[in-house]
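4 protein chains.
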Amino acid sequence: MTEERYRHEIAHLARVELHTPNPDGTLWFFKDLLGMYETKREGQSVYLRGYEDPYQWSLKVTEGPEARMDHAALRTSSPEALERRIASLREGNLDGAWSDGEFGYGKTYEFDTPDGHKMALLWEVEKYQAPPQLQSKILSRASKKPLQGLPVKRIDHLNLLAREVTPVKESFERHLGMKTHERVVDGDIETGAWMSSSLLSHDVAVMRDARGARGRLHHVAFYYGVQQHTIDAAEMFRDYGIPIEAGPDRHGITQSSFLYVFEPGGNRIELFGDPGFLVLEPDFETRTWTMDQIDTGTAIGGTNLPAETYFTYGTPPIEPIPDIVRR
Amino acid sequence: MTEERYRHEIAHLARVELHTPNPDGTLWFFKDLLGMYETKREGQSVYLRGYEDPYQWSLKVTEGPEARMDHAALRTSSPEALERRIASLREGNLDGAWSDGEFGYGKTYEFDTPDGHKMALLWEVEKYQAPPQLQSKILSRASKKPLQGLPVKRIDHLNLLAREVTPVKESFERHLGMKTHERVVDGDIETGAWMSSSLLSHDVAVMRDARGARGRLHHVAFYYGVQQHTIDAAEMFRDYGIPIEAGPDRHGITQSSFLYVFEPGGNRIELFGDPGFLVLEPDFETRTWTMDQIDTGTAIGGTNLPAETYFTYGTPPIEPIPDIVRR
Amino acid sequence: MTEERYRHEIAHLARVELHTPNPDGTLWFFKDLLGMYETKREGQSVYLRGYEDPYQWSLKVTEGPEARMDHAALRTSSPEALERRIASLREGNLDGAWSDGEFGYGKTYEFDTPDGHKMALLWEVEKYQAPPQLQSKILSRASKKPLQGLPVKRIDHLNLLAREVTPVKESFERHLGMKTHERVVDGDIETGAWMSSSLLSHDVAVMRDARGARGRLHHVAFYYGVQQHTIDAAEMFRDYGIPIEAGPDRHGITQSSFLYVFEPGGNRIELFGDPGFLVLEPDFETRTWTMDQIDTGTAIGGTNLPAETYFTYGTPPIEPIPDIVRR
Amino acid sequence: MTEERYRHEIAHLARVELHTPNPDGTLWFFKDLLGMYETKREGQSVYLRGYEDPYQWSLKVTEGPEARMDHAALRTSSPEALERRIASLREGNLDGAWSDGEFGYGKTYEFDTPDGHKMALLWEVEKYQAPPQLQSKILSRASKKPLQGLPVKRIDHLNLLAREVTPVKESFERHLGMKTHERVVDGDIETGAWMSSSLLSHDVAVMRDARGARGRLHHVAFYYGVQQHTIDAAEMFRDYGIPIEAGPDRHGITQSSFLYVFEPGGNRIELFGDPGFLVLEPDFETRTWTMDQIDTGTAIGGTNLPAETYFTYGTPPIEPIPDIVRR
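Residue numbers (UniProt numbering), protein chains in the order written: chain U, 1 to 327; chain Y, 1 to 327; chain F, 1 to 327; chain P, 1 to 327.
Note that these hints are calculated values from the structure, not bench results. From a predicted model like this one, the values you see are computed outputs, not experimental measurements. C-beta atoms are modelled at their ideal positions from N, C-alpha and C, and glycine is treated no differently. A few of these clues could be false.
Stated by the list, open to error - Computed, partial: chain U to chain Y, Cβ under 7 Å:
(1) 114
(2) 235
(3) 246
(4) 302
Said to hold, decoys possible - Taking lysine-lysine pairs in the DSSO-like style, the calculated list, with each CA pair at most 27 Å apart, reads:
(5) P:145 to Y:31
(6) U:137 to F:31
(7) F:137 to U:144
(8) F:127 to U:31
(9) F:137 to U:31
(10) Y:144 to P:31
(11) Y:127 to Y:40
(12) Y:145 to P:145
(13) P:144 to Y:145
Required output: the full structure, derived from the provided sequences and hints.
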């Protein structure tokens, strides 16, 4: 157990870098359809932010040979929390290294999860300052909602595939001070865990990789804040040729509204409506879903998450790639 | 073609009678979950109306050995339209008979579709008059929205299964003056048609019965008017043990929002959110969907209508009955 | 009373022409914010259509010295209906004249309402044919929903101010075959009437002009089909500097969801969410709202329609123009 | 400034006790309209909870001579946090006293705000355990959503009126470790502050009492989680005779969706749709709204908060009581 006073060490998911073999398609997806602002372009990378993302970028799109997550970075709740988390990671032999020089962020501590995902922790950020024409009259809004596509507000969470869920979950609990709010077990095997150190249902989730691979990404989620916008987004994706994997519907696990699509580079992206269940109880007991309850867990409505993709496809992809993703 | 001046002969679907082998379950479904008012109980039948249904009842639930539609009745747009429609039916050898004495309605002309569904036409109705405590401050509302369950406003439309779609469609066009707004073809075979004689996308639809049966019901639809209520309904059905077949999502055909469930007697019921596309053009050309377009036609979002039930299950049921219906 | 067989003579509102002293602002409003497509530009006029408008244009924006409606045109339900309506107008001494040559429409019969509004009737239209890149996969949709702003689907209805409501209402009933679904009376004076000849609550409404002027426009309404989009639109208008007069809320009269704003030229525009109450009963009795019921009639939620503008401001404007309109 | 490690000391608002001179009306409001479950009845008090409230009750309704808040209790994030907060309160001369014996809660520390509101802190709670028939299939849900009225999920936040905002705000910051996310200033005077120690925009707000009174309640808010439900609630309140003060609309301050009504006892109740802006940045800078920005701050849509009630009416009421409250 994390010591009582170290329960809120991770503030939120700050940024993710995705690789894409189809950068034009991927950028069209995030900029033209999801209305993200471009804040910088350098080399093979473009930096993007949603209109309520508070920093210079929440998504970096980099050209690469295959779709995958390069890394994801969590912001700690204080500089001291960052120091404590690094000390804990080191005690756990999850050693890492400092990096620096990324646009819009200060020094960043990089480490690998037990399954091999590249993660990072950081405190230092450069707050985004909107130029006058992009300033919103809504003072908590970092910039005006753009008039392009169906704009997402901000990045929301990360969902990782892992060969084994439990070691990743335990390292996030022990070293990052996260709490597992919900989990799924299939007999003796833990097949999913949803974690945060705030009252969000999750900043990070881990699910069992049915292909048995290591270190893959299931999805990155972006936030609308309004469930209707996931319905609007489905209509947009349908007409503009983006394959819809599942949704819009609402998960029983986390009670959040979802829509899953594949961006043109091949990464799975979730559009997240409202935040679902907010974990206000400080001593909320982890809910454990068993296989006989899993229908409600996966969807409250009639959605069947498609077995041929949802539980097996991740990035980097493993052959054969399902047709729907290539569409 | 119907003559120009006889284009609006059918005003709307007025009422449906369903049989159920589980009357307690079926009444709990319509009264406790869908908030319908009971207006009369007689013999093995209970008469129900939604809070915006204008007449004494829109749904009659009758105990019977198997789930099925007993009959459905359309109201004409005038007494003269009723006479004209009957004359046309007789010319087409779709002869029928007058009946009378049903609670809340006057004389009614009963006939069979070419596939054997029992249909009726009527003009005479008894308008529902709410007692003072049920009168709504909203003057177009026939009664207050009740505080029970998630109340439907009114009946909306009927969807019939037929061994062959075309003859049924053609008789509705020729004799009832309906217009087919959208249809589906699979090669040479017409597999679905959506018809009305108003600007609604459909009062009646006909779909091909994949089991090759005659005269069965696919579903009766009730209207919420708000898409969110189909989402709310899905959550209610999930927690109260009503099997959800598909949705909530939006059809491409008709652009309407849908949720399909099986009431405890076994009849499929659709909860209909907003009305979708309103056919304002008086010379709207029938849209024909082909199999390569059918994914968008069936759902704009990610729903896959389940082949094991959606295209094969109707009432009266044919063995084997899918497990989901029995649940 | 209109004869029974002539009840559906007017199909819908096809087009409106607005004058604006600020054409750049007005076009930015309709194109950049409301996502209307431009289909032609000629002289001082620009022709626009929503993505589900079926013809070449539903809105013509013309530069002029003051904000006003130039004219509005209703499409009849058949060519014969057009002839009948003209004959009736002539019998009623509401004579008019044929015009021709307007882009996208054929010959058009122009006449004045008893209060002096310029109206027109027409049958001949040129259907809009989307080029391949604008074709929607949703076959009932005339073109793809654009990725610009918060796109309206189509034009919806017209609301006219009149020195006296009753003569205008009666001429629409008698000569156009419209039916008044709801009306408001203040003692002996009829102050509002909502009419259509379809099951829409209204294609045209008339309200008493509290300034006593003749022939003015209260508002033109554009249709979203989804109530949430009126909420989204309010947020957009707020941040992009468009003055909001009232809403989003829902009227008791018509049960429709509304948002009223002033476009930069000064005309009041309504954004219309869902269609509200659909008048399915063919013998629906006109509902009459009295002053003691008017709070519910004007808004079901907490909106107070602002007396300083809503009941007095119309276009062309009469001095003094309220500050909110000029903002 | 609160020390870094003591930033999350208050978990959430656990419960409020309201007095009402009209207990039958007040209970009808909360039970029949808002679908709250009754968990106990004792003496002049009834204990209620929303279906997602995790403890035995979140609202206690007590008969009393006038509408007012008896007290409100915040739950700390740990037993140690409770000790630390009490120590801090004592250092600040905001001494209080332990009480015990309240149904469903353990020992509770009661104290007064500098303005005289009775507040309490507690850690010990009895978790609500649903009997089998009320258990939800959604595991994070403490009980099934009932079929009565339009059920609220849970209590959300508290809004206090104070003669002077600043001393109350500062005591909450200093002694409870809360952070002020947004505030309003009118020249030199602070007129409102929204605070929490989580990522919610606020657990408690304080607004200036325009009547200059001390220790009054502005409103208690209950949470729907879905903005549409505030619209549905407005319709319900309208037809069932509950006076609507303002909304549904969205505040610029906090970006939350709101609806304000007066329960039959006279207390103002807010129905809260989605949570609005979630304060993910751990170093979020307080936003300060000035009077020239206040229109957007109070409502993003067209709502004008009514000056004759919103800024002057609180409970206990001061004569003259506005007519709308008595309605």
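Broken hints, by number: The structure conflicts with hints 1, 7, 8, although it agrees with all the remaining ones.
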